[in-house]
Each structure stands twice: as structure tokens, then as C-alpha cells.
Amino acid sequence: MARGNKNATIIPGFGLTLGVTVAWLSALVLVPLVLLFVRTTALSWPKFVEIVTDERAVASYKLTLGCALAAASLNAVMGSIIAWTLVRVEFPGRRLLDAVVDLPFALPTAVSGIALTAVYSRNGWIGQALGFPVAFTPLGIMVALTFIGLPFVVRTLQPAIEDLDPGVEEAAGILGASRMQTFFRVIAPALLPSLITGFALAFSRALGEYGSVIFISGNMPLRTEITPLLIVTKLEQFDYAGATALGAVQLTASFLMLFSINLVQWWTARKTGVR
Amino acid sequence: MLSLVAAGMAGCGSGRADVGTTLRNVSYDPTREFYQAFNRVFSEYWVGRGKGAVEVEQSHGGSGKQARSVIDGLETDVVTLALAYDIDAIAERAKLLPKDWQRRLPHNSCPYTSTIVFLVRQGNPKGIRGWNDLTRGGVQVITANPKTGGGARWNYLAAWGYALGESGGREAAAEEFVRALYLNVPVLDSGARGATTTFVQRGLGDVLLCWENEAYLARREFATEQLEMVSPAVSIQAEPPVALVDVRAEQRGNRAAAQAYLEYLYTTGGQTLARQHFFRPSVEPGESFAAMKLFTVEELEGGWAAAHQKHFRDNAIFDRIYRPGRSGG
Amino acid sequence: MKWRVLLVGLTVLFLSLFLLVPLAAILVEALRKGAGAYVRALLDPDAMVAIRLTLLCASIAVVASVIFGICAAWAVTRFRFPGKSLLLTFIDLPFAVSPVVAGLLMVLVFGGQGWLGPLHLGVLFATPGIILATIFVSFPFVARELIPLMQEQGTEEEEAALLLGASGWQTFVRITLPKIKWGLLYGVILANARAMGEFGAVSVVSGHIRGRTNTIPLHVEILYNEYNFVAAFAVASLLALLALATLGAKALLEWKLRRDAEAAQREAGA
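Protein chains in written order, with the numbering used here: chain A, 1 to 275; chain B, 1001 to 1329; chain C, 2001 to 2270.
So here's chain A without its partners, still in its complex pose (with noise of 0.2 Å):
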């Protein structure tokens, strides 16, 4: 079925690859989800979209979605950036700095909130300096996923910019190009696959994210509680299954955020031509 007159390809090993990635991704994924989505079902219709359209739920959602979304941006722009700068320009430090991307990835996530809101706290280093709050507000909810969302935009650009050949800009330039025209004629349409990628996984994560947010977001309800904060709220009551009703929610929120972006991606892949 997979393998139509369109696939006309030598390269070998379909069948091995995609059994793999499919058996994988159905043991691990696949299954447990559907599970979640069965568990569902011990909820009457009327209960399930009651709990799900709770006032406070519903504004969880919004505050989730928001700071995922800002801080995701935030890291687009930024990471960006960094990767550029950490790849193709040579500073004292550069090695140090590389190092330290990886942190938010290896800290257990208490750590980072705890930290982080020591750091942005009225009292903390850079709070004190800053003169407005962060730390307990909406905007501390949004540094807690700029800081775990961060590497997954660096580390998806870098690969892609150690790649790219130095020698197409130069020529490129030679060829009497501008920065400017190199830049978006030649850099940007071969990094911006990588780009789409790491942001994309920073929302979703950010989406997810409890461990660190709890701690610098003060969880006060309708105005800084997030959405897996409910969801532990519930487990906590035993209520297994107003919890897996809120999961629900929230997993069928990022499968279709990450779904449409695939989509556009494998759009514009097509539409610029994958050689």
C-alpha cells in the first residue's frame, strides 16, 4: 500500500524502518493512549464535559496556552541566535555557554522552579533589579517554559547550521548577494525545517510542563493555575478519572498543534521541493 508507483526509489530498508518506528511507537504511544482515552469513558458525556469546561479549567487552559505560546516565540527568536552565535562565532566562553544548554534538560524540573524562582523572586538577584514581579505571576509561569524550552530550539538549529556550507553564502556573496538577500535567500529556507521543529517541541513541552511552573507560579486559581496543577489536583481527590479527562485535554490540544505544524511543514517541504 505504502509503496506506490510515486515511490519509485533504490534506497532499500522500508519495510525494516517503518515496522520499527510503527511497533515502537504503538507499544509506547500508542497503546497507553488509547487507554487514557477508554479510561475516559467511566465519565458520563454531561460529567466529562462538565469537568473539562470548568471555569477554572478553562481558564488553565488559557493561562497554558498563552505563556507556552509566548515563551515558545521567545525562544524561536532567541535560540535562533544563540545557535548562530554558538556555531559561527568564536568568543572566549563559547564551549562554557554551549555547555550550559543542555541544563534545563538534566535538572529535575523542581530544581529549575525552585531555582528559578529564587533567582526572579521580589528578593532574588534579578528580581530586585527588575523593579516589577515575576516570580508568582503569569510572566514567572512563561520563564519557567522559556528556560525548559530553550534547548530544544538550540539543539535542533545547531546540527543544522554546522551543516550548512559556508561556502554557498560566500558564493552567494561573491555572486553580489547582500547579507541581507543571503540571509533569507539562502540561510533561512535551509534552517527553517530545524526551526519549525524546535519550535514546536518547546510549545508542546511547555504545554506539559508541572514540576518547574508550580513553584514560581504561586497556583492561584482562575489567574496562575495551570492545567496539570488540575490535573494533580484530581489524583490527589482519587478522582482517576477527572484526571484522565483533563489529560484527555490537554494531549488532544497538543497532538493537534503538533499535527497542523507536521502538516505545514511536510507542506512547504513539498512546495520547495525535497531533492
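Honestly, the hints are just simulated from the structure, not real lab data. Here the structure is a predicted model, which is why all the values come from computation and not from measurement. Hints may contain errors.
Straight-line distance between alpha carbons at most 20 Å, and here's what the computed DMTMM-like set of lysine to aspartate or glutamate pairs gives [what the hints assert, rightly or not]:
#, chain 1, residue 1, chain 2, residue 2
1, B, Lys1095, B, Glu1250
2, B, Lys1099, B, Asp1246
3, B, Lys1310, A, Asp239
4, C, Lys2179, A, Glu162
5, A, Lys47, B, Asp1319
6, C, Lys2250, A, Asp239
7, B, Lys1099, B, Glu1250
8, C, Lys2181, A, Asp163
9, C, Lys2179, A, Asp163
10, C, Lys2033, B, Glu1221
11, C, Lys2033, B, Glu1225
Please build the complex by placing chains B and C on the supplied structure of chain A, with the hints as guidance.
For chains B and C alone, coordinates are given in the frame of chain A:
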């Protein structure tokens, strides 16, 4: 050299073989030091009775989460959690112990108790003496969310019970009081340690509501902050119960040892250790703690099931009173 | 030149605000009671067990991530088939799943009242469960690094090699692998860091048994929760150091690769 290593490993192996019994105790968060000491003492006692060495594995975490782990299959001989509600859930959902478990050991299965006290900053600048001071304008109270931290439910019920007593049992007045109190809460941490950090290290708030034993621990950890403890005249008796997990203990062949382990908590040995770790011993109260008038959840609401239904269930009283978004603050 | 200063300035500023200053805060906290307390926290037997368990889980998870990543990237970038975007989305999903939900998923499958519960597989609250949870959160990294890279690189060189009579495996090792080595390396680094640091999902399936099923992040949490803040941050800083060590390994590898490449060039020139 190699033979030496081999001998060492053999030594280790035989050392482990000596351990006749391995008990497991699933407990809540800040009880590690207490149980570490208690496990040693119990092991000596058990050996002394000619029963062979016993090793106790400890697991610590949030009380509700620990209960969920046991329900979902974490095998353990005994549980020692922060509130009876969590052990009730194990009895009800996983049927690993009888529903009347709390009547099987003395003092409602609570060999030690604690209470809710206030921790204030050096010199008590806001002059916090009792519960009424917590609802004053300009006083910020730090406490965890009773819906995500089991331990914090005691804080809430302490305030409720105090107000109910003051108003002669009028629930509307009690609700008004806790509403006023929680309006003074600027940040709602998800657990007790988060709240402590917010209070001590972020410098937020004027008073921290916490368990008495944890107030001692926090003062020791943050000795330089010179925190002061204020014991209100009236508070709740926080009862962290212990229970044998019958089904699991039998499967593991540990019933006798596990039962003895729990009973030993009630002996002088266990009670002394509890006091050393800032718990109020149930059998031998002694005089090392502030004299306070304490009421129980049983007296207040007739037990945890009812208390939960009334206060902490979704859209129950706590959800109703705590709507900071509404107050425009 | 001006561009350079601006780029470096922005990079340093942003990374300082978001990464370096928090890291410093952790170190300050870890050393609050002096170096002695710091070392004691790391040499604690329970901490040692946690370190061993974390290293074991991370190494298994990284290998799993590489195998899956190469297969997935090969299938996705070398062939056309319907449902590709859907497949990609499922690869991304573990990133989006809240750690809270990821743990819940494991419980739904393996828990006492779960789907496979009656089989008593001994997965939950034991090492296999921790390994599985670690794999779950870290397996997409390598695939996610390789897919955009391999897409961008195209297939001409592979096709040429195959036409010249190379076998599929030879083509992969000789042609593809050298081209994707950077992506692979970054993927491994990320998967490793994430695997070592994962807390949420692992926390649900571990059971927190001291000296048995605690990983480093769980050990940190427990120390923190029992008011042992200095030890908690000391052990946490160890995780940061482990991540830096991975980066050190990367730098070494980079240097070696460059040396080999130069040697090969010289040989070709001679």
C-alpha cells in the same frame, strides 16, 4: 587480589542472607529521620526476641501520592501516612486492608500526633498571637493548597474548627472566617515544603501555617533566619495514622513482624523517639510541648470522609471561598 | 565585526538570565553549609544507589533512542507514504505529554487496576518501570534531530552509492552516517540529559524506595521535602555536572573527528 574481591563479595552475600525479614514502610515526607532511628531500635528489639535480623526499607513522598502508589501496586507491609483519608482510600479502592483499620490499634491508630502552629519572622513584627490575627488586613498568610497537599488540609480544618468554636457552631461564620483567612494568602504552593520555601527563602508573607514537628525542622534548617514559633491557644490535633497492609504483608510473609513493628511504636522506645523528632507521643505525652486545646477531625466533622465531602471535594467549600480572581486582588 | 559583538552580547545576556544565574543559585545553595556537607551529601549510600540507577536507566534509554531515531528518520525522510505527518506527530507526542499524565499512562497500563495489572509483571515500582518511563520521555530526541537534517540533505549520494553496487548497510554506514553525525550526537546528548533529569513520570512509577528505586532527581526531591535543602541542591548540582560532562565528551569527540578528517585529507592529498 581477585580472591580478595570474591571473598568480599561472598561476605556481602552472607551478610544479606542473615537478614531474615525485609519489611517495607511507605511513609509521608518529613518522617525519614524519625523512622531511620526507629527502624534501628526496632531491629535490635526484634533480634533481642530471637527473631533474626530485620531490615526496613523506607519510601517517602507526598501522602496522597504514596497512597496512590500502594493502590496501584507498590508492595508494602505497613503504611504510615499524614491523614486517615489516604489510608481509607487504600482500603476502599484496593481492598488491601479492612475498612475499620483505624480501630485496630490504640489512639485511632496514631502512635504520635502533632498540631498546626504558626511560624513568624524574628521578633514577631506583626504581633501574631492567635487565629484572629490571621484575618487582619495587611497580614499575609502562607499555606499550601489543601487540595494538592494532604498535609495542608489540617491547616484549613484547624482554622475552620477554631472559627466554628468561636462562633458557637455557626458554619456560616466559620466559612466567613476561612474566606477572610485565605484572602490573605498571596501564593498557594502545591505542598508544605514549597510553602516553607516561599515563606523562609522568598521572604513572602508574615506567618506560615505548618505542622508543629515541621516548624521545629524548619527552624533547625534555617537557624540563621531566627524564625519564631507561635502556638495558638486552640488548634487541631493532626493525626498521622499507621496501618498494617494485610493483604501485602501476608503475601510477603511478614504479618507478624509488621504487626510487631507498628505495636512497637506505642512502647516507651517508640514514644521517646517520636518525642525526639518533635511528634507528640500519644501514649506518653510528657510535657515538652506547648499546652494547647486540641480538637480532632472526628469531633469536628465525624471523620475524614465527611470532611472531604464538605470541604475539599471539587466545588465544595474550599473551592467556593478561594476565588482570588473574583476579588479583583 | 559589529554584528559579532551584538550576537555574542545577546547570547551571553539571554543565557545568563535564564541559565547561568539559576545555576549559580543552585551552587550557592548547595555550598551554604560548606564543602564538607556538600561532599557528605554525595557520598551518602542512598545517593550512590540513586546515581548508579540513573546512569543505568540513562544508558539504556540513549541506546533505545538511537535505534528508534535512526529507523524513524530513515523511514520518514527516504520514502513517501501516506500518514507521514500523523506518524511524525506521534513521535513528537511524548514531549507534549505532561509528566503527570505520562506517569498516569504507565499506571493505566501496568498498575494494580491497570490493563496489564493482573499479569503481575513487576514493572511498576521497580527498575523496569523506571527504565520504561525514562525511555518514554527521551526516545524521540534522536529522531527529532535527524529528521529535519536528513530531509534537508536529500538522497542523491545514497542513490549513487547504491547504483554503484553498495549494499544498503554499507550505504548507511559509509554515506549516511558521516553526514548525520552531528545531528546524531546532539540527539544523544539531549536524550541523555533528559533521561538523567526526568522527574515527573519516573516519580509516579518508582515508589520512592530509598536505596532501591530512587533516581537522582527523586533523591533530590526527597531530600528537599525532609528539610535537607543543602543536600538536595548538592545532589542536584551533581546532575548539572553530569550534563556538563556529556558536553565535555562531545567536545572531545568533535576534536577527534576533526583530527581524523584532517588526516584523511592529508592522505588524499599525498
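Hint by hint, here is what the structure shows:
Taken as a hint, the Lys1095(B) and Glu1250(B) pair is honoured in the structure, with Cα atoms around 14 Å apart against an allowance of 20 Å. Between the alpha carbons of Lys1099(B) and Asp1246(B) the distance comes to roughly 11 Å, so the proposed pair stays at or under 20 Å and holds. For a cut-off of 20 Å, the pair hint linking Lys1310(B) to Asp239(A) stands: about 16 Å separates their Cα positions. Of the supplied pair hints, the one linking Lys2179(C) and Glu162(A) holds, its CA atoms being roughly 11 Å apart against a limit of 20 Å.
Under the criterion of a C-alpha separation no larger than 20 Å, the hint pairing Lys47(A) with Asp1319(B) is consistent with the structure, at around 18 Å. About 46 Å separates the Cα atoms of Lys2250(C) and Asp239(A), which puts this hinted pair outside 20 Å; it is violated. The straight-line distance between the Cα atoms of Lys1099(B) and Glu1250(B) is roughly 17 Å, inside the 20 Å bound, and the hint therefore holds. Among the hinted pairs, Lys2181(C) with Asp163(A) is consistent with the structure: their alpha-carbon atoms are about 10 Å apart, no more than 20 Å.
Between Lys2179(C) and Asp163(A), the direct Cα distance comes to roughly 8 Å. Compliance with the 20 Å bound is thereby established for this hinted pair. A C-alpha spacing of about 10 Å is found between Lys2033(C) and Glu1221(B), which places the hinted pair at or below 20 Å, so the restraint holds. For the hint linking Lys2033(C) to Glu1225(B), the alpha-carbon distance of about 14 Å falls within 20 Å, and the restraint holds.
Checked against the numbered hints above, the structure violates only hint 6.
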